[in-house]
Amino acid sequence: MKNQFFVDSDSLSSEAAAVKHRLENDPSSRTNHMEYMPGMEVIESDVCDNVMGHVRSFDYSSYTAGDVRAALEKDTCTIEDFKALLSPAAEPFLERMAQRARIETGRHFGNTVYFFTPLYIANYCENYCVYCGFNCYNHINRMKLSMEQIEKEMKVIADSGMEEILILTGESRGQSNVEYIGEACKLARKYFRMTGLEIYPVNTDEYRYLHQCGADYVTVFQETYDAERYEQLHLLGHKRVWPYRFDAQERALRGGMRGVAFSALLGLSDFRKDALASALHVYYLQRKYPYAEMSLSCPRLRPIINNDRINPQDVGEKQLCQILCAYRIFLPYVGITVSSRESAEFRNGIVKIAATKVSAGVSTGIGDHESKYSGKVSEEQHGDEQFEINDTRSLKSMYRDISKEGLQPVMNDYIFL
Amino acid sequence: MTDDRLVIGGHEFNSRFILGSGKYSMNMIEAAVKDAGAEIITLAVRRANTKEQENILDYIPEGVTLLPNTSGARNADEAVRIARLARELGCGNFVKIEIMRDSKYLLPDNQETIKATDVLAAEGFIVMAYMYPDLNVARDLVSAGAASVMPLASPIGSNKGLQTREFIQILIDEIDVPVIVDAGIGRPSQACEVMEMGAAAVMANTALATAGDLPLMARAFKEAISAGRKAYLAGLGRVLARGASASDPLTGFLRD
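Protein sequences appear in the order of chains D and V. First residue of the first sequence: 0, per numbering that gives the first Met the number 0; consecutive thereafter. First residue of the second sequence: 0, per numbering that gives the first Met the number 0; consecutive thereafter.
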C-alpha cells in the first residue's frame, strides 16, 4: 500500500489549507532544501561527499550470491562487502548473517543489553514533515512541559529504575529553545546517570552549551539520505535543510558530546541506499573522530494520529533484520538501538543477534508518564503522541524478558566527565 | 613453590589469574573466584556507577581485591577523575588505568597513560597501567610510579592470543615491576605460554565470558597459568628461548 501522507484537518482555515495544498502540490512554492537558512552554521567537512559518493553509485542488483558468501567468509568486512550484505542477493543468507552478527555482538558487547527511555517534553513543531504526527498541520493536542512538570515526569521514570534518559522535543526553536532544553538537561542530571538528546539540529556552540548542561549523546535521524525524496517529504521549516541536518552529528562532536546516534527512517525512500548511507555516515565520522561513541537506530515508519495508513512499505521484518545484521558485521563496535516501534517478539529476537540497546516503558506523548506507569487517572492535560508505539512493555517486564533470554540487562555503563 | 607470590605495590597474592571487566555476569565472578582462584577482580567504575539493585559491588566476595578501571576515559584528566571516584566509592587504592582515544579498536593511549600514572601514583594509588607493549613507555610508566605494567597481547576482546609476543618478552626481560598480560588471551594454552615466558600474571575476560561451560573454562585457566608458571620457574622457557649451548664448546681450545 503506497503511503498517502496528506491529511487535511477540519480545523485549518481556508487560507492555511491553501498554503498547505500549494506546498504539497507545487514544488516551486517550497524553499531550496540544499540552501542553509540564516543562523545555520556551515562547517567544512568531507564526510558528506564521501558517504554520498558511495550511495550514488550503489547498484545493489549487481551483487551475487558469490559476493555475499565471500563477504561472510572474511574477517574484516569492507565497504564493498557491506554493500553485498545489503543487497537482495543476501536475503537467502539471512540465517548465516545472523549467526555471524551474533558472534560479533558477543565479542564486542558480551551478552549485555542496555535500557533507556525517551521523555518528550514538548510537541510543538514548526515543520511540515508529512509522515510525522507532530507536523505543524496535524491537529493534535500540543503541549510544552514546565520545569516542574518535567521534574515530576523524571521522578516517575527514575522511580521505575531507569538510569538513562533521552530528552525529545518537537522541532520548534520558538517554543522549545536551547535554554529550555538545557534546563531540562540540568534536571535530568539529578535523576539519571546518562542524558541523551533528540532535538532539532543546532550549531556547535549550542551543542557545547547543552553538553555543559549535562547532555552527552546526540541523536539526529536524517530520515532519508535521498535529498530529492527528502525535499518531497519535508515541505516547510528549518528541518527542510538537508545538509544542515547531515552535519549535525559532526557539530555535536565538535561541541564536546561523547557520542552520537544516526538513522534513516526506513520506508521513506529506497531502504537499501538509506541503510548504506546511515552506516557510512558512522564509518566516515568514526575515522575522523575515533574517540567518539557511535550508535545506529533502525526505525521504520509507523501510523500517526489522524493517519493510520502510514506503513513501512517494503521494509518487512526480514529486511529489517538483514539491515541490522549487515550493520553489525560491518561496524561490530557500534551500538544498535531498537525502539518500541517494533514488536516485543522482534525485539526479544534481535537482542540475541545484533541490538545492544532497547527502550522500555515508552510514551511518545507529553506529560503522561504518571498515568501510563501507575494507571492513575490525571486531571492534567497531556500532549499527543508522535507516532504509535508497538511494544508497550514496562521496564520491569522487559528486564524480566531480556533476562529470560539469557542476556544481561544493564541500566548504566557510563560516567559524565 | 609455596612462597611464589605475586607482589603488586606491596600487596601479596597467591593467584596469578586476574578477572577482566569487559563482560560481566554474576556467574562469571563466581566462577573466576571459585574455579579459577582469582583474588583480583577488575571493576569498571562506570558500570558500578548505578543505582541498580544488582550492583556489581555487592557481588564481590570477601578477601577479593577490587581493581577498579578507568574505562570510558579518553585522556589522562578523565582517568584521574574516574580513579578518584573509585576511591570515593570505597574501591580501595588499586586502579587500572585504561585510556582509549579510539572507540573502534579500544587501543590504549600510552602517552596519556603515563600522565595519569604520574598524577595517581603521587596520590597514593597503586597504579596498574594497561598499555601497548612499548619498552620506552614501560620504563616511563615505572618512573612515573606504576606498580605494574599491563601490555596487551592482541586487541581487546579479540581472543587472538599473543600477537605482540616479542614485545611482551622484551618488557618481561627489562622491566622490574610485574608484567601482567592483558587483553586478547583467548585460550588457556595462550595463558600458559605467557606465564612460561615469565609474565607475572594473566588477565582475561572474554575468553571466560564466551565459554560454553564457564566454571570448566575457569578451571582450565587456573591449571594453565599454574603450569606455565611452574615451567618458567623450572627454567625451561628461558633455555629454549635463548638457544641451547653446543655439546662441544667452541671455546674448548682456550688454555687458561
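Treat the hints with care, as some may be off.
[Claimed, not checked] Taking lysine-lysine pairs in the DSSO-like style, the calculated list, with each CA pair at most 30 Å apart, reads: (1) 351(D) to 229(V); (2) 185(D) to 159(V); (3) 185(D) to 375(D); (4) 154(D) to 1(D); (5) 317(D) to 189(D); (6) 287(D) to 50(V); (7) 114(V) to 33(V); (8) 189(D) to 50(V); (9) 403(D) to 351(D); (10) 351(D) to 114(V).
These are computed hints drawn from the structure, not numbers from a lab. For clarity, every value in this text was computed on a predicted model and none was experimentally measured.
Taking the hints in turn, this is what the structure says about them:
A C-alpha spacing of about 41 Å is found between residue 351(D) and residue 229(V), which places the hinted pair above 30 Å, so the restraint is violated. Straight-line distance between C-alpha atoms of residue 185(D) and residue 159(V) comes to about 44 Å, which puts the hinted pair past the 30 Å bound. Taken as a hint, the residue 185(D) and residue 375(D) pair is honoured in the structure, with Cα atoms around 28 Å apart against an allowance of 30 Å. Distance hint between residue 154(D) and residue 1(D) is unfulfilled; the C-alpha atoms sit about 42 Å from each other, more than 30 Å.
For the given pair, residue 317(D) sits about 41 Å from residue 189(D) by alpha-carbon distance, which is inconsistent with the 30 Å threshold. Only pairs whose Cα atoms come within 30 Å are accepted, and residue 287(D) paired with residue 50(V) is rejected, the gap being roughly 35 Å. Taking the CA atoms of residue 114(V) and residue 33(V), the gap is about 36 Å. The hint is violated against a cut of 30 Å. The suggested pairing of residue 189(D) with residue 50(V) holds, with an alpha-carbon distance near 13 Å, which does not exceed 30 Å.
Distance check on the hinted pair: residue 403(D) and residue 351(D) sit about 11 Å apart at the alpha-carbon level, within 30 Å; holds. Of the supplied pair hints, the one linking residue 351(D) and residue 114(V) is violated, its CA atoms being roughly 40 Å apart against a limit of 30 Å.
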